[in-house]
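*Asks:* Sequence:
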Amino acid sequence: MEMLLRRGFLWQSFEIYRGMAGFFDYAPLGNNLRRKIENIWREFFVIDERVAEIDTPLIGIEEVFIASGHATSFVDTAIECQNCHRVYRADHYIKEKLNLEVESSIDAIKEVLEVYDLKCECGGKFGEPFPMNLMFSTKIGAGKGKNAYLRPETAQGIFIAFKRLSNYFREKLPFGVAQIGRAFRNEISPRQGVIRLREFNQAELEFFVHPAEKTHPNFREVASDVLTLVDKFDKTHRITLEEAVKKGIIANEVLAYFIGKTRRFLLAIGIKDEKLRFRQHKDDEKAHYATDCWDAEALTSYGWIEIVGIADRTDYDLSRHAKFSGEDLSIFVPYPKPISVKKKRAIPKMNALGPAFKSKAKKIAEALEKVEVSGEEVEVEVDGEKIRLTRDFFEIKEVEEEIAGERVVPHVIEPSFGLDRITFTVLEHSFDKDVVEGEERKVLRLKRRLAPVEVAVLPLLSREPFTTRAMEIVGMLKKAGFYTEYDDSGSIGRRYRRYDEIGTPFCITIDHQTFEDGTVTIRDRDTTGQVRVKISDLTWILRELLMSEKNIEGFGEKFR
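Note that numbering that gives the first Met the number 0 has the sequence shown beginning at 0, numbered continuously upward.
Note that these hints are calculated values from the structure, not bench results. Possibly wrong hints are sitting among the right ones.
Calculated lysine-lysine pairs in the DSBU-like style (CA-CA distance at most 35 angstroms, straight line) [said to hold, decoys possible]:
#	residue 1	residue 2
1	LYS446	LYS234
2	LYS322	LYS359
3	LYS357	LYS162
4	LYS143	LYS94
5	LYS341	LYS171
Using C-beta positions, here's what the derived DEER-type ranges look like [claimed, not checked]:
#	residue 1	residue 2	range
6	LEU97	ARG542	47 to 57 angstroms
7	GLU273	ARG41	20 to 30 angstroms
8	HIS280	SER488	46 to 56 angstroms
9	VAL74	PRO354	49 to 59 angstroms
10	VAL74	GLU14	28 to 38 angstroms
Beta carbons are placed, not taken as given, at the ideal position from N, Cα and C, and that holds for glycine.
Make a model of the complete structure from these sequences and hints.
*Replies:* If you want it as structure tokens, here you go:
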């Protein structure tokens, strides 16, 4: 963290006003790194899938979160010290002080406080535990305004737009919708730097599937991948995804597919496989909308932290929004071939309906004709009124109908990525120390594609003509699209160390030979090896190197 703050990856927000827990600025290097991670995420989960990306508002009207359940279910239990008035999230405080896992309910927290006589860090006693909704509330409009909340996840914007999205995909399942953006949670007592933030960045994918067909067309691509799973009984498995599905450890194929895809993405951005596992939520741990949920967890200096959640949300969200909005959020799924079915239909008796219902008789008859009969009575709705009819008002006729398909409310598989935690984990897993020329060197061994500064141009001497030639090369590289920096401050060795520390893969050095034969040296961050190349070849060589993880020495002959 000291290095990240000093070198310009992360800064404390509101620093000149003494800061505020749960908020961080992405400084120049950190911002560029996170954006590059986002772009690789798009390659894996948008470009490589039948997925479209959208962008929805950060603010949602109250009705959205009543329907989604966040207004009532998105709650943690808090405790407040009666002496210093500090407020803590109860289950986290108990875990920290007693190393005890406890259910986040008021009764469970109250029992622990009493049994263990747990006190505040200042020595004060805690008052009664109380619930706290984690959403930030606001108003839309002037005067009394309309109640609204800052979104606690990006997903709800996708569910609300489902009708438009299903039309966009011509109602053909499966399909996915992605969104990258900010989310907000009014955490009770955020700690651990960027691990628990009040404003954070998510990359979420909602993948819509037929409820009876939870498969993925590309599952074979990841089926043989071996990974570490920790099931809900705390049993660890080193197993292929195919075996995990067959044994029922993972609920279905499409969930397993996105677990595999998530692992491949995390490895591609530099998270170490030996420090990565997938942990299944216990039955009392799952979110209110999930039937099965797995967390990708990475081992860091904070211990194992969740960086991705992959959940089967079933049809919870779409069904709830359909109920509260009154809109039909199902889609029509055709059968491979139409099927014939026998049904019992009601045939209206107009001579009975007319005298009994007068002007409503015609509408009742039309409603009756659409009803499938299962007993001696039926119920129809006319102009908002529910009317129960006995056999006095209709006859029953068995008919054979051809059915072309069915309407279903899709189920949703959701991989949700915490970009801030992922970015921090990438940085920590990349951070290394070694010894070069008798001195300890700090180096960020970032994947080359992720490096915030891809190339540093360093004149051997900070005087003419070295500086002018170096700046010409900087201009050439920037025009070619490389993130390039110029540095002539300090000895060349000190400058190499400076760029090693921020993860710059290559340093270009302009020396005396440059003016003799038009060549420069490219120095490799990881090996400190160097090759000499022509300036005219520099852009294509760098482009090829940045897309590769091979040592620069292996390319030497090719360059010559």
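*Asks:* Tell me the hint numbers this structure goes against, listed in increasing order.
*Replies:* 3, 4
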